[in-house]
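2 protein chains.
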Amino acid sequence: MASNLLFSPFVSSIEPSFWHKAAQLKLETDMLQEVPRSVWGYYSSPDVQPFSLSVDYSAFNVDPENESNRQIACGVYLNKNTIESFKACDKKELLKTYGEELLKNVHSGAVLDNPSLLSSFFVLTFADLKKFNFYYWFAFPSPALPAYRNHGKPDNLPEILSDSQMRSLVNGHSVLPKRQRGFFGVKVNDTDSVEVITLKQYLDLTKSNEDFKLYLGFVDSSSYPESPGWPLRNLLIVIKHYCPSLLEKGIDVIALRGVNIHSVVNSLVFQIKLQESSPKITDDSASSFVGWEKNNRGKYGPKFVDLSGIMDPTKLAERAVSLNLKLMKWRLLPSLDLDVLKSIKVLLLGAGTLGCAVARNLMAWGIHRITFVDSGRVSYSNPVRQSLFLHKHCADKGELKAKAAANALVEIYPGSESEGIELSIPMPNHTTSDLKSAEVLDSLISSHDVVFLLTDSRESRWLPTLLAAGKRKIAITAALGFDSYLVLRHGIPLEADGEGGAKLGCYFCNDITAPGNSQADRTLDQQCTVTRPGVSSIAASLAVELLVSLLQHPLKGCADSKEDCCLGFVPHSIRGFLAQFQQMLPSTPAFSQCIACSPAVLQEYRKRGNDFLQEVFKNSKHLEELTGLTQLHSKTEEADIWEYSDEEAAGDST
Amino acid sequence: MASNLLFSPFVSSIEPSFWHKAAQLKLETDMLQEVPRSVWGYYSSPDVQPFSLSVDYSAFNVDPENESNRQIACGVYLNKNTIESFKACDKKELLKTYGEELLKNVHSGAVLDNPSLLSSFFVLTFADLKKFNFYYWFAFPSPALPAYRNHGKPDNLPEILSDSQMRSLVNGHSVLPKRQRGFFGVKVNDTDSVEVITLKQYLDLTKSNEDFKLYLGFVDSSSYPESPGWPLRNLLIVIKHYCPSLLEKGIDVIALRGVNIHSVVNSLVFQIKLQESSPKITDDSASSFVGWEKNNRGKYGPKFVDLSGIMDPTKLAERAVSLNLKLMKWRLLPSLDLDVLKSIKVLLLGAGTLGCAVARNLMAWGIHRITFVDSGRVSYSNPVRQSLFLHKHCADKGELKAKAAANALVEIYPGSESEGIELSIPMPNHTTSDLKSAEVLDSLISSHDVVFLLTDSRESRWLPTLLAAGKRKIAITAALGFDSYLVLRHGIPLEADGEGGAKLGCYFCNDITAPGNSQADRTLDQQCTVTRPGVSSIAASLAVELLVSLLQHPLKGCADSKEDCCLGFVPHSIRGFLAQFQQMLPSTPAFSQCIACSPAVLQEYRKRGNDFLQEVFKNSKHLEELTGLTQLHSKTEEADIWEYSDEEAAGDST
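Line order of the protein sequences matches chains A and B. Counting from 1, position 429 in the first sequence corresponds to residue 429 in UniProt numbering; the numbering is continuous, with no gaps. Counting from 1, position 623 in the second sequence corresponds to residue 623 in UniProt numbering; the numbering is continuous, with no gaps.
No lab work stands behind these hints: they were computed from the structure. A hint or two may mislead.
Remember, identical chains collapse to one label, so a pair may be satisfied in a single copy or spanning two.
In the PhoX-like style, the derived pairs of lysine-lysine whose C-alpha atoms are separated by at most 25 Å in a straight line are [as the list claims (entries may be wrong)]: (1) Lys-436 / Lys-562; (2) Lys-392 / Lys-403; (3) Lys-503 / Lys-294; (4) Lys-187 / Lys-273; (5) Lys-392 / Lys-315; (6) Lys-294 / Lys-91; (7) Lys-80 / Lys-96; (8) Lys-345 / Lys-80; (9) Lys-397 / Lys-21.
All chains, please: the whole structure from these sequences, using the hints.
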């Protein structure tokens, strides 16, 4: 009984590893371009995986994998940038484009050199790389065919070939070049052996007058007893083009349903000829194409997969965060240097309102190597202003701020490399200042690239300013008044020992008194944050934006304000006043008699080290004598930024 | 055997309820003043609590408690504002001051009317109200006394009085006026009864010539068999002043060690007279005083208690947070209205980068009634920029942003009244906009006082702008560009139906096209935050500061920019540019043809309601026709603030 021949379609399958690779290519290479990319797919005989055409991490390789039990399919990966363009794209046109490409390969003979071009496919995708959600739609383009029919039920291969013939079929198939293995010919030599030949050889032999039995062969993905798989559809196009008469006469086709000696017995032999009612083959162009895959609901439409569940969440976060930053670079600022941000190590002195907010801004910029220094504990008034702390951190006297802040960064972003150091910053005129803490601070500043001075008193900024200047590190101060703020980058001395001084001033350069004990005897209102809440978050954001601009400047920390970086102007300092919603950008030169960054001070520390510090911790007047400031002293004026504290007075028991 | 008489001191005890009350008075009444306050203390006979003088919540009452088994002590509460002034205060001088006060009360006869003045005490404190840590030092001032001796061992009361005499002693004592119960006299009537008399009556009777047995009496706190308690010390001062000869002769004193019929038997009778070696009593001024209490280590020094552990942490946080704000008011801005902040209900449209940051700034200002509206879920790129989310919120497709944000506020501050509503804001030209969501939004805006427009598209601001204008609510928009921001308070129409329009413009007033579908077809870079991280936190802070300034203005939402509030200038809008670190404060009038806030639009919504919305959701051109904007259309220009999204495109399955 003759019956209409139906081709059972491929069922696409995408390995998660494909998406990982695709995401990486998108982020690192293609970026915002929508470039079609050649990809390799693989299918196999049904003893391995019926119907399936799958793509995995190797799809993007230059050469296909060489595995004897998987056949190569040549595909194209078409990723759209938006869900809208994914939806809007003209599906019929797309199918036609790739269908015509296939026909061109048939007509040009390219498929004879590389028959795997016959298993052609493309996949249209939209990859939501933030959520790791993927929309994809496979097509296996094939021109509309004339109707074929099978001459009765297909035969089982063992009914046609002897055991030894089958053995020689398996052996012969396995030594074909890999791109020839999907489509081939079989020439029967004798009752014991067959010869497996290439598709091209098959076509040539069909024209020979010698008398031998010839079979067309293909690796069949179908496991249905009466339907061959999709690869045969396009193979018949080749026959239709090169030997149309064969199809009118009838052609014997081995559908190889197993490529080893055990599974080859599952193979079928189809006898195929044109349906009598079909129009004569006169033309081999095609006006319409088929091949879009149905989705899991049996409709023509895309499939969807959410891989966020099986991804390592840490990796997902990493990818998503870096995507945010890369997008900025791709679209708006091609010259933005993200690597400098990724590698830089930042030391935050103070883990209070400013420290928490600075850390958050750093993280948003992809700066994840952050060390906090603080000696305080989280108290009940903190969490509403200090954005890394929760109510639970206040229990039992409160967690150490530095540690709690470092832990919080990891809870926000597992890729954070964060540390918290419990340390009181030694201060001039504070007899409790100890040299050991000074040494720890010295080595912390050495091991970091940037220091933020975010403590709540003038005098706690003295030693960090001196150390950062001596080590020529970038130092940024943020200081708050009730409704005003100051953000200032310290000038970096031209030479390490401060000789020649810094071009721009440090926090103390405008200031002609040595730091005293500003913490003692503060009343309630000075023990805590009496600032408008906005000032700290604005100052913290500006401090980080100033750092990022500075890092983008060709001169980095030594940038002068004359040359812009790719992000714009790089001011020396920013002063803001919430009562007027105004900002100013004063620039002040280094002061040659500065008590923190002048050559005299830097050299004294270098020469006398701890002895010098010990003297200053006892009495800061020494600094004024050292810098020759004493005679200036009567001209002292109040800074227009008052110093308020973020913290409570550490009430120690008497 | 005669022996030197020693007085066993009080042991102070402060109930936690005392500190609660003290904290409340400090925060609500005294603020930064260091005012001495009269307080009531209580002591009792040792059958209840030996040696103890305790203060509790009732210490600050106008009248003392009337409990028959506790005696009243009159004290003074001296709280210092800083640990430094607590330490620095002159302890000797303080003791002298209150000691002399006591002597004055003795000499003036005040103690005869009110003998409880004899149990005088004061307590010097420093209250760290943030940590709920307290330092306190009690003193029970008493002039240095001449030496007394006890005539042999004291007698047990039952050896002196008969059962029925003791019964009448207990009854008589219990009906004395409460302030007379600590110090009194006992007159023996006969072998069956005694009469309990006041201290004044006792002194008078000692001068009488009638023949009867008289006892001096006091409620004794001591439980030592040979030492009377501290109250007797000052009682003897009275005797020394009014009847010095009695002390030379010897005086019988009942130390009442129980005030009911069962415990009265523990009482003792002391026979006291001046030590022979003592100088004659000639003068009753005193040059030195004693009475500071020793601490738990047996040293003269303050006691310390950390009550944070036993306090309800929620209460602790509440107190600490409100203290921060009150300090701002007390010291810097007496006219600051904190109550308006406490009571106001704020609706945040959008729980992304801006929504999270605005909520944090609101909380820091003591605004705790916050509702979030958002339809999105937390994704992996969010936590590094959206300050209420953690990495764990991203798992399993991510938590709903609105809910996660609301929960986060409670974790930061348990006193938050926060809610999260999952809602897509209906938008012009979006066929998916539904009327039900519009109704929910309408009622949300009705039930809140302030609306923040923090979404990431122009068109999502249209309906909220219209609704806020129609309901005359304060509306504040924050919009971000890559390195620029706009913060704008919408003008409030003079009348509810918009007749007369608003004096100041809304977000759309500068804008002469109807909102289209700006979300469709955005490429990767527009689906996510491609803004410099600083812009969102700065804009959010400024938006909240602008709100707070507005709420302090006498005209509230209708404030014009001409009159300052106590916080300063109240601009209409703030535009900032990070590339120049500059800010501008443009003020623009309402546009009579505005597509969101003009009378034509407000009246149309009022008249036609959902029908009107339905039409706009289908085609926003209707708005242009309604406002007569069509003819202006050719003059369209780009706003200088680009719209970028905080969020991913919500990729819905096709």
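Identical-chain pair category, Lys-345 with Lys-80, by Cα at 25 Å: neither (37 Å within a copy, 43 Å between copies)
Intra- versus inter-subunit Cα pairing at 25 Å for Lys-294 with Lys-91: within (13 Å within a copy, 91 Å between copies)
Intra- versus inter-copy proximity for Lys-96 and Lys-80 (alpha-carbon distance at most 25 Å): within (18 Å within a copy, 87 Å between copies)
Within, between, both or neither: Lys-187, Lys-273 at alpha-carbon 25 Å: within (20 Å within a copy, 139 Å between copies)
Same-copy or cross-copy closeness of Lys-436 to Lys-562 [CA-CA at most 25 Å]: neither (41 Å within a copy, 56 Å between copies)
Lys-397 and Lys-21: within-copy, between-copy, both or neither at 25 Å Cα: between (49 Å within a copy, 22 Å between copies)
Alpha-carbon proximity context of Lys-392 and Lys-403, limit 25 Å: both (14 Å within a copy, 20 Å between copies)
Lys-392 and Lys-315: within-copy, between-copy, both or neither at 25 Å Cα: between (28 Å within a copy, 13 Å between copies)
Intra- versus inter-subunit Cα pairing at 25 Å for Lys-503 with Lys-294: This pair counts as neither: shortest intra-copy Cα distance 69 Å, inter-copy 59 Å.
The structure does not agree with the numbered hints 1, 3 and 8 stated previously, though it agrees with the rest.
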